Amino acid sequence: MTEIKIRNVSKIFGGNWKSALAMTQQGADKGEILAKTGCSVGLDNVSLDIAGGRIFVIMGLSGSGKSTLVRHINRLIEPTSGEILVDGSNVLDLKPKDLRDFRNRRVSMVFQNFGLMPHRTVLQNVVYGQRVRGLTKDDAKPIGMKWIETVGLAGYENKLPHQLSGGMKQRVGLARALAADTDVILMDEAFSALDPLIRADMQDQLLQLEKNLHKTIVFITHDLDEALRIGAQIAILKDGKLVQVGTPSEILNSPANDYVARFVQRRAGAGESQHA
Amino acid sequence: MFPEAFHISIRGPINDFVQSLVVNYGFVFKAISQTLLQAILFVEWILRGLPWWAVFIIFLALAWFASKKIALVVTVAVMLFAVGALGLWDLTMQTLALMLIASLISVAIGVPMGIWLAKSELMRRITLPVLDVMQTMPSFVYLIPAIMLFGLGKVPAVLATIIYAVPPLIRLTDLGIRQVDSEVVEAATAFGGSPPQILFGVELPLATPTIMAGLNQTIMMALSMVVVASMIGARGLGEQVLNGIQTLDVGKGLEAGLGIVILAIVLDRITQGFGQMSRKERGND
Numbered sequence: 001m002t003e004i005k006i007r008n009v010s011k012i013f014g015g016n017w018k019s020a021l022a023m024t025q026q027g028a029d030k031g032e033i034l035a036k037t038g039c040s041v042g043l044d045n046v047s048l049d050i051a052g053g054r055i056f057v058i059m060g061l062s063g064s065g066k067s068t069l070v071r072h073i074n075r076l077i078e079p080t081s082g083e084i085l086v087d088g089s090n091v092l093d094l095k096p097k098d099l100r101d102f103r104n105r106r107v108s109m110v111f112q113n114f115g116l117m118p119h120r121t122v123l124q125n126v127v128y129g130q131r132v133r134g135l136t137k138d139d140a141k142p143i144g145m146k147w148i149e150t151v152g153l154a155g156y157e158n159k160l161p162h163q164l165s166g167g168m169k170q171r172v173g174l175a176r177a178l179a180a181d182t183d184v185i186l187m188d189e190a191f192s193a194l195d196p197l198i199r200a201d202m203q204d205q206l207l208q209l210e211k212n213l214h215k216t217i218v219f220i221t222h223d224l225d226e227a228l229r230i231g232a233q234i235a236i237l238k239d240g241k242l243v244q245v246g247t248p249s250e251i252l253n254s255p256a257n258d259y260v261a262r263f264v265q266r267r268a269g270a271g272e273s274q275h276a
Numbered sequence: 001m002f003p004e005a006f007h008i009s010i011r012g013p014i015n016d017f018v019q020s021l022v023v024n025y026g027f028v029f030k031a032i033s034q035t036l037l038q039a040i041l042f043v044e045w046i047l048r049g050l051p052w053w054a055v056f057i058i059f060l061a062l063a064w065f066a067s068k069k070i071a072l073v074v075t076v077a078v079m080l081f082a083v084g085a086l087g088l089w090d091l092t093m094q095t096l097a098l099m100l101i102a103s104l105i106s107v108a109i110g111v112p113m114g115i116w117l118a119k120s121e122l123m124r125r126i127t128l129p130v131l132d133v134m135q136t137m138p139s140f141v142y143l144i145p146a147i148m149l150f151g152l153g154k155v156p157a158v159l160a161t162i163i164y165a166v167p168p169l170i171r172l173t174d175l176g177i178r179q180v181d182s183e184v185v186e187a188a189t190a191f192g193g194s195p196p197q198i199l200f201g202v203e204l205p206l207a208t209p210t211i212m213a214g215l216n217q218t219i220m221m222a223l224s225m226v227v228v229a230s231m232i233g234a235r236g237l238g239e240q241v242l243n244g245i246q247t248l249d250v251g252k253g254l255e256a257g258l259g260i261v262i263l264a265i266v267l268d269r270i271t272q273g274f275g276q277m278s279r280k281e282r283g284n285d
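As they're listed, the protein sequences go chains A and B. For the first sequence, position 215 matches number 215 in our numbering, and the numbering has no gaps at all. For the second sequence, position 79 matches number 79 in our numbering, and the numbering has no gaps at all.
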């Protein structure tokens, strides 16, 4: 089971990042830095310990930096400063070839808008990771078929993505991540584009997978209900800063500040109205 | 009058430069010229050597594979028949050979250039204005040095055609690759795809419809150079048009002109068909 440690990671977008980084260290806020340096702050000194074998949820509104943060784990985005340790070794030290190997064998990813290759069939999409690894079509096929069945898409393996509904597309995305057989799966708003019923199904499926496969799953969402339902731990981001980390009950019972409290209250309100 | 004091002339240096190229590196250009000529002659030998019905079969098969529409196959058959009936068959094959070679070299230059432009912002900034110049500079301006370096005949004709016809292919290859959904490329990257794997497995296949549109444009522009090319000694339909003008034989000129138009329509429909086919394969996403 793979642990991920994020240490003091900051990410500044823009050319004048040095002075912007210095300003974040002096505690300047996002708007002030944008006005003075023209740089936007993606992440501001974020540190997180992500335990192995559980679902870790990163929550925040859009623009809070949660998608940026998760892309640091497989270095789709390079941090401006800080380090990312996966099982103790620093991801930032990897050379290009080792980085490709790391992405291929250690970390897979599910995307909000699926990121499926429109010119490849469901099966070809699902085995992409295995094919990159160098497996032949014939060797990869049984692996692909196994995961297509697991996510409930048996019979659709030769369809093209545009022939599937949104929920089915995301099952393909999930099967692709699972077929890559990595210890870590990053899920970037993976269920946000799905309608509520399918979404609940997919959440159940994910919890099932957590139980059976012991993978480390980093799950991004802007939806508190989803976070509380599937997260073993929840981290809340606001404007690139980490606001609170804790178990669902800690978040619900002792919110760290008003921002978190407002999230939780709105949920309590929603709960009451359901019973009215 | 513009003040004489500001007068600069680049004429002398340019002339000296081309002259010294001819004198010092003539053998290099001669070697290129010979190789290219052999290739052109080879394609021409095949096309002119094939019986007319074999060429018919090839074109009708291409039309069928490109469109799966019987109407297009029939249209192409009628048009090719018209070319033969007008007595232009041999000339059309000569022109077609020139087109094929020019298009082939355009693809060999245009697609890699387009990929490079899509990958490098600096390269784009340098190349795009050069492409504008290539498309707007009157072709006679570069025909003269082409003749000096490569002699009269088919070789400078092909080179001039390429200069005029390759820009749309470069532009549309660049556009096609940059238009590929960035999340798909990100996904391929996230699963450990190497740059060549992503280029050949994701970007180029998804850019194919746009690249095919570029190829179509390139072929059309190459055909519009046929008459100019014949002025420096390329045979074929263009020469016939030129002949018609010189002898005030309007009918002869029009016949050959129709031959060029027919060739253009046939090649246009077939390449468009292939472009649409690759679009359908991925379901308009």
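Honestly, the hints are just simulated from the structure, not real lab data. What you are looking at is a predicted structure, and each value in this text was computed from that prediction instead of being measured. Do not take every clue at face value.
[Stated by the list, open to error] Estimated spans, in silico, between C-beta atoms of each pair: (1) B:Trp-52 / A:Glu-149: 53 to 63 angstroms; (2) B:Pro-195 / A:Leu-85: 54 to 64 angstroms; (3) B:Asn-24 / A:Asn-90: 50 to 60 angstroms; (4) A:Ser-192 / B:Leu-122: 34 to 44 angstroms.
Where a beta carbon is used, it is the ideal one built from N, C-alpha and C, also for glycine.
Going down the list of hints, with the structure as the test:
{"no.": "1", "hint": "B:Trp-52 / A:Glu-149: 53 to 63 angstroms", "in the structure": "holds (56 angstroms)"}
{"no.": "2", "hint": "B:Pro-195 / A:Leu-85: 54 to 64 angstroms", "in the structure": "violated (27 angstroms)"}
{"no.": "3", "hint": "B:Asn-24 / A:Asn-90: 50 to 60 angstroms", "in the structure": "holds (56 angstroms)"}
{"no.": "4", "hint": "A:Ser-192 / B:Leu-122: 34 to 44 angstroms", "in the structure": "holds (37 angstroms)"}
Taken one by one, the earlier hints fail for this structure only at number 2.
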